[in-house]
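Since the structure of chain R is already known, use the hints to place chain P on it.
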Amino acid sequence: MADLTVARRDTEAGPVLLVAGELDFVQAPVLRQHVAELALWRGACLTLDLSRLEQCDSAGLTVLLLARERARAAAADLVLAAPPPKLRRTLAITGLDAVFTLRPDEGSSGLRRDEGSSVA
Amino acid sequence: MCRTGDVDEPFESGSETGTDAAFTALLEDSAEELYEAAPCGYLSTLMDGTIAKINTTLLDWLGMERTSVVGRLRFPDLLTVGGKLYHETHYAPLLRMQGSLRGIALELKTADGGRLPVLVSSQVKFGSEGEPLLIRATVFDASDRRAYEKELLHRRQEAERARAEAEAARRQAEADRGRLADALAVLQQSLVPSSLPAIQGLESAVYYQAASPEQLGGDFYDLFPVDDKRWAFFLGDVCGKGPEAAALTSLTRYTLRAAAVHDPEPQVALRTLNAVLHERYADSGDPRFCTCLFGVVEPDPRTGRALVRLASGGHPSALALRTGGGAELLPTPGGMLIGVLPDARMRTAQTTLNRGDTLLLYTDGLTEARTGPDAGSMLGEDALLSFAAEHAPAAPRELIAALTGLLADATPGPTDDTALLALGVPFTDHAGTADG
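Sequence order for the protein chains is R and P. When you number the first sequence by the working numbering, it's gap-free, plus one each residue, and the end is 120. When you number the second sequence by the working numbering, it's gap-free, plus one each residue, and the end is 436.
These are computed hints drawn from the structure, not numbers from a lab. Be aware that one or more of the hints could be misleading.
Restraint-style ranges between C-beta atoms, simulated for each label pair [stated by the list, open to error]: (1) P:E398 to R:P84: 34 to 40 Å; (2) R:E69 to P:A173: 38 to 44 Å; (3) P:A383 to R:P84: 31 to 37 Å; (4) R:R88 to P:R170: 46 to 52 Å; (5) P:D176 to R:D10: 48 to 54 Å.
Don't be surprised by glycine CBs; every beta carbon is placed ideally from N, CA and C.
So here's chain P without its partners, still in its complex pose:
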């Protein structure tokens, strides 16, 4: 390396110098030309701002003659009013303090009255004693960048406006949905009672869940007095969903209430309902049906027993949970889907509830709920009967709570609506031990 270097160095060195010179000559005629025709503006001022030197590029941007600028104007004179103010309050003090500033956005006034957005960087040149001598500044044309920023701002404002409009639309939709939900809730309240009456010698509990708040439920129930000793109750399910089903539910509920007061015999009430629905819908081309369990209960607080008479119009049988444990179906045979035939036959079945016995009426939302590890199997009637037997004896509230828990863990079945009504004869004080 050393040996060869000794020989080659002078030649190579000379060659490099020649190449540099050639490049310099090729790129710029001179340093002066580089200064004057640089792609940015150059400006030198005295410490008081008086312009001492300015390059041609900047003069061209300003549209000014060198003679009218050098020694005649101060740097702030080139700025807009806002720029002057900013220069005086921030730019100049900062520059004096720091010795340099970079990329400050300012606007220059051009000779033709226009404005040129620029980015200015300044550097103070100090003498050998550290005294400030002059200020050198480079000026970059920032009009493209300003336009870009303006465009960005414009786009952002547009995006914000669009977002605000979407937000307003969303709020409106939410408000509309809220009003609709309110209206539906009011309608829904006409389909089921808001609360069950308190009955001496009888405890009651209910669960009601419509498929969705937007969809009026097709399940219905009620409990009301028919005279001073007896109470009527019913629970059912109309075929179909939506407003038409709700209209049918409403008709059904008030027909049964009126019929029960006229004659509380369960099969008579259901026959009346059957006749009304058949007459109303059979020839409409849009036949409508419902299933219903209708019962009359006569509690006797003295004996602690309640006599229950039940009739079914095509509805799943009620269950009875007995005070001594176990549960049984209460068959209501022969009852037909209501509204199909002009003269449907119903029969009344009868049972007695003793202290601690509980009667359960339900719609198929309960038995069709999907349970099991993969929600693959329906609960079904047999499993419901087993579940009830395991929980017997259970007061109405306990039973409804247990079934609500069962439903909470299940996937709703295809019917979705679920209504549960439980009636029981409570243990009285002398039977208090049975509670523990």
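One chain only, chain R, in its complex shape:
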């Protein structure tokens, strides 16, 4: 099982979280904590770069929805960038593709893995 890692990069538009590994019942709280600690402002755009997400179960979906709530509360936007095909299928089945803003590419200003802080 791949541990979940979350790397943050702050851009002008807003924070970008690179979420890699398995977002499951055990590890979802890691992302939840990251999202809770984010600084967001009105009009900001929180981007979750999911290009390296290997697995996302229902607990993972819950955290994505929590991120959406967190952004809405701050009058900010949430973008899910580069969701892998399996997640896209899950989002379609659960009807969440109509709830989230999805973007096929990996998000703004090309976050690289070696940037930002990595937390297991």
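Leaving out everything else, chain P in the frame of chain R:
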């Protein structure tokens, strides 16, 4: 060899004798001294046990004077009461019979009232005519050995006590776990029905497997009447695990049952559930969701058809296995994960089951089960559809049995919980040939 031997032998022989004597002189002053001061006790008795000779070592151990022992005491007089008894019943008869005894554990009484554990070996000396003359005995101080044995015994008792305590703790833990499992099983029974009702013109079968007995399942299903013609059924999966998920499952099940009786239109029932979950959890800081397929079936035993109306709340589509072979997905578009938005939109889809058709509802424990040679690939929806098509037509029980077999050979996926519900219109007697 011979030649040199002739010359050397007398010299060498004399030299050896001299060396032996020197050693003897060095080691012991005399045989008498060896006897008296040996590192063990020596004792000679007449055949009746009267002590005829005893060495100084043994006298010292006993703390007695030679004059008060020799000719005055019998060997049994040196022993404790138990020893006397043992000597009379075992030691002496055995010695008379065998002529010798080795390493018998006895206790000697010392002059100061103490006890000295000893090991005694005895040998009868016989005369030239074979008549027994006297008994010679060696006595070894066994107090160290006895202490060692006592220590061993003590340690063994301690180890046994520790083992018994560990065993008791293990039994207690097992009993606790058993009670917890019983409590969880009772709770689990409130999440899914203990059995499905018998319905005329409709056959049903179910499979339910929670991730583990300790972990209440997050999957749920039900089948119940809503009026005298129609039956409602649902199957779903709550997000998360454990007691909170079980509480959500319970809320979901009873909300759907109540909603269905009020208005069995599938999309209405799911909208009601959505409103309840959203209202209950949205502002709690701990949002909770579920996916669910909800359906209403109206069997018509006269025509052998059953009308099915289905709505989905973010749940994978149901499958239909057709009586003529093949399987298809029953799309339920637009359904959203339940509990996310205050006003989720659902739409009702419709299909007809003919005789021999079977409808399958499943949770992702089935499609996420890992199959293949190294359990490396998930079963997936496409493979499930192919599997169903290969098995069509299949009655609900056959289909569930086939899928159970598939799961038995697979490694559980990350979700672990699996629920399967199959509903079908059975072949009746005039369609009996189709069974063969």
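Status of the hints after comparison with the structure:
no.	hint	in the structure
1	P:E398 to R:P84: 34 to 40 Å	36 Å, holds
2	R:E69 to P:A173: 38 to 44 Å	42 Å, holds
3	P:A383 to R:P84: 31 to 37 Å	19 Å, violated
4	R:R88 to P:R170: 46 to 52 Å	50 Å, holds
5	P:D176 to R:D10: 48 to 54 Å	50 Å, holds
Checked against the numbered hints above, the structure violates only hint 3.
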